[in-house]
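As given, the protein sequences belong to chains E and Z, one line each in that order. Numbering-wise (the working numbering), the first sequence opens with residue 26 and increments by one. Numbering-wise (the working numbering), the second sequence opens with residue 26 and increments by one.
To be clear, the hints were calculated from the coordinates, so they are not data collected in a lab. Check each hint, because a few of them may be wrong.
What the hints assert, rightly or not - DSS-like cross-link-like pairs, simulated, lysine-lysine; straight-line CA separation at most 30 Å:
hint, chain 1, residue 1, chain 2, residue 2
1, Z, Lys288, E, Lys277
2, E, Lys178, E, Lys156
3, Z, Lys288, Z, Lys277
4, Z, Lys277, E, Lys318
5, E, Lys277, Z, Lys108
6, E, Lys82, E, Lys178
2 protein chains.
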Amino acid sequence: MSLPTLAILMPGDMGHAVGRTLREHGHRVLTCLEGRSARTHALAEAAGLEDAGDLRKLVTEADMILSILPPASALPQAQDVAKAMGEAGTSPVYVDCNAISPTLTREVGSVIAISGAAYIDCGIIGLAPGKGTGTRFYVSGADTAPMEALNGKGIEVLALEGGIGAASGLKMCYSGLTKGKWTLQTAVLLAAQQLGLGDALVSEFEFSQQEELSAMRQRVSRLPADSQRWIGEMEEIAATFADVGVPSDFHKGAAEIFRLLAKTPFAGETRETIDTSRTMEESIAVYAEHLPKTPGTT
Amino acid sequence: MSLPTLAILMPGDMGHAVGRTLREHGHRVLTCLEGRSARTHALAEAAGLEDAGDLRKLVTEADMILSILPPASALPQAQDVAKAMGEAGTSPVYVDCNAISPTLTREVGSVIAISGAAYIDCGIIGLAPGKGTGTRFYVSGADTAPMEALNGKGIEVLALEGGIGAASGLKMCYSGLTKGKWTLQTAVLLAAQQLGLGDALVSEFEFSQQEELSAMRQRVSRLPADSQRWIGEMEEIAATFADVGVPSDFHKGAAEIFRLLAKTPFAGETRETIDTSRTMEESIAVYAEHLPKTPGTT
Numbered sequence: 026m027s028l029p030t031l032a033i034l035m036p037g038d039m040g041h042a043v044g045r046t047l048r049e050h051g052h053r054v055l056t057c058l059e060g061r062s063a064r065t066h067a068l069a070e071a072a073g074l075e076d077a078g079d080l081r082k083l084v085t086e087a088d089m090i091l092s093i094l095p096p097a098s099a100l101p102q103a104q105d106v107a108k109a110m111g112e113a114g115t116s117p118v119y120v121d122c123n124a125i126s127p128t129l130t131r132e133v134g135s136v137i138a139i140s141g142a143a144y145i146d147c148g149i150i151g152l153a154p155g156k157g158t159g160t161r162f163y164v165s166g167a168d169t170a171p172m173e174a175l176n177g178k179g180i181e182v183l184a185l186e187g188g189i190g191a192a193s194g195l196k197m198c199y200s201g202l203t204k205g206k207w208t209l210q211t212a213v214l215l216a217a218q219q220l221g222l223g224d225a226l227v228s229e230f231e232f233s234q235q236e237e238l239s240a241m242r243q244r245v246s247r248l249p250a251d252s253q254r255w256i257g258e259m260e261e262i263a264a265t266f267a268d269v270g271v272p273s274d275f276h277k278g279a280a281e282i283f284r285l286l287a288k289t290p291f292a293g294e295t296r297e298t299i300d301t302s303r304t305m306e307e308s309i310a311v312y313a314e315h316l317p318k319t320p321g322t323t
Numbered sequence: 026m027s028l029p030t031l032a033i034l035m036p037g038d039m040g041h042a043v044g045r046t047l048r049e050h051g052h053r054v055l056t057c058l059e060g061r062s063a064r065t066h067a068l069a070e071a072a073g074l075e076d077a078g079d080l081r082k083l084v085t086e087a088d089m090i091l092s093i094l095p096p097a098s099a100l101p102q103a104q105d106v107a108k109a110m111g112e113a114g115t116s117p118v119y120v121d122c123n124a125i126s127p128t129l130t131r132e133v134g135s136v137i138a139i140s141g142a143a144y145i146d147c148g149i150i151g152l153a154p155g156k157g158t159g160t161r162f163y164v165s166g167a168d169t170a171p172m173e174a175l176n177g178k179g180i181e182v183l184a185l186e187g188g189i190g191a192a193s194g195l196k197m198c199y200s201g202l203t204k205g206k207w208t209l210q211t212a213v214l215l216a217a218q219q220l221g222l223g224d225a226l227v228s229e230f231e232f233s234q235q236e237e238l239s240a241m242r243q244r245v246s247r248l249p250a251d252s253q254r255w256i257g258e259m260e261e262i263a264a265t266f267a268d269v270g271v272p273s274d275f276h277k278g279a280a281e282i283f284r285l286l287a288k289t290p291f292a293g294e295t296r297e298t299i300d301t302s303r304t305m306e307e308s309i310a311v312y313a314e315h316l317p318k319t320p321g322t323t
């Protein structure tokens, strides 16, 4: 019995790494490069993904489609795929792996349901496969077996109770802590810089917050590379929290920090091209140049 | 030459511990217990502070006054002291040690200036004296020598460049990180609880965020004891960040979390009476009961 044919839409940092590991574990892995950037073409080629040419062909040949996109693309992508499935008369399993709120994943699911395809909610936690300890794919929904069959193939797949929304909800909470913390650290360093207290604060951290400081030194300069994509993710987290009555301001602030970082020249970096010689202090000084000018600081 | 007579207004958790250590180092330490709570009386007595009876007597006998209060009391207290100094015709050095914004400390300073007294801005970082590694008193202003003379007397005193506002600004940034993080952790745990994902999130943290989880387990249950006092501190941090164009939403969210915790029955605990057998999960479940009811969760 041959393994199911999979498709990855679209193969960015995480997507192409997932595609590669699944291909290496014997799956045929399709993608659709129509209208995609040169970088996406290069990543897909490096991962050995097969270009299906167009969506209609992809939904005809794939048994299961994994959507791994920036949050804002989750819904439009599902609409395009549902349309293609309708035209092709096929219904491969559709897995939304995006960092979106439970509310939005339910909306995506209802778009897919029109085509008759099964829908799985999925939240990815951890670095891309091959970059550290296991990448965890949390999945939830009526039937998560097609995803669970991928467990151990370079990724870990864990099923959650609670139906559509549970996997996305877990991703929102997890990412709410990690990215919430990184942006909080950035905000605090920026405030100290603006108050002329950057050196004094770092000295105090060296005395009483060594671990936190060391984490900041490793992280703060790396944030612009992902900033554009993570604005939407923070907005999804804020929406998730607001939906259950928990303060959403932290992640509105986090989105604002990523919006600021996306304006800096470092936003053009990718994870591979980050200038690792740039210190935290140098990065903060450049970020600060892009803060809004406030009264009295002209 | 006898040591200067000091006064502490008002001797709460931090204030009475500071008073005690300075008394143990040979200073006469006054306070003013007029209209204060039974707990404040008990703390003052335990610390061996001398009750001056009223403010006018206190400003007559003290060479230097340290104000260590909840943020909302900083300005009214300075107004009362300035009035008493005017009536008594005295001008002891006034040190504002409160967790307030640079803007507010400058306002407090201008109130004190009317009386002709010297003003020192001070930000306290660390646990109360006697409870861990050194308590750092950062000080700034035209002449910080009277405070620097206390260095080594159970506290560490560090002078900062930058004039009035620098010491407060440093405290705001430092506390913005630590308390910002504790409230972010609380918000994330609350969201997971509300989504029915509390156990799943803790399991994932056990796998990939062990240190963070261990810090949360130590901290989350302790927050209500200080919640009432820290609402105002978070608002001061938000104001500080907004003044220099840095996103203030994180600390609006932090204030909201403390406002929630202040509504729980645990808000009546003091640092000494916290029920340390209560788990993080038990605390979160109780905090969640006080969240606003949202549409669909009635």
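Consistency of the hints with the structure:
1. Z/Lys288 / E/Lys277: holds, 24 Å
2. E/Lys178 / E/Lys156: holds, 15 Å
3. Z/Lys288 / Z/Lys277: The given pair, whose Cα atoms are some 17 Å apart, holds under the 30 Å limit.
4. Z/Lys277 / E/Lys318: Measuring from Cα to Cα gives roughly 21 Å; hence the hint holds.
5. E/Lys277 / Z/Lys108: This hinted pair is violated, its Cα atoms lying about 43 Å apart.
6. E/Lys82 / E/Lys178: Judged against 30 Å, a Cα distance of about 26 Å means the pair holds.
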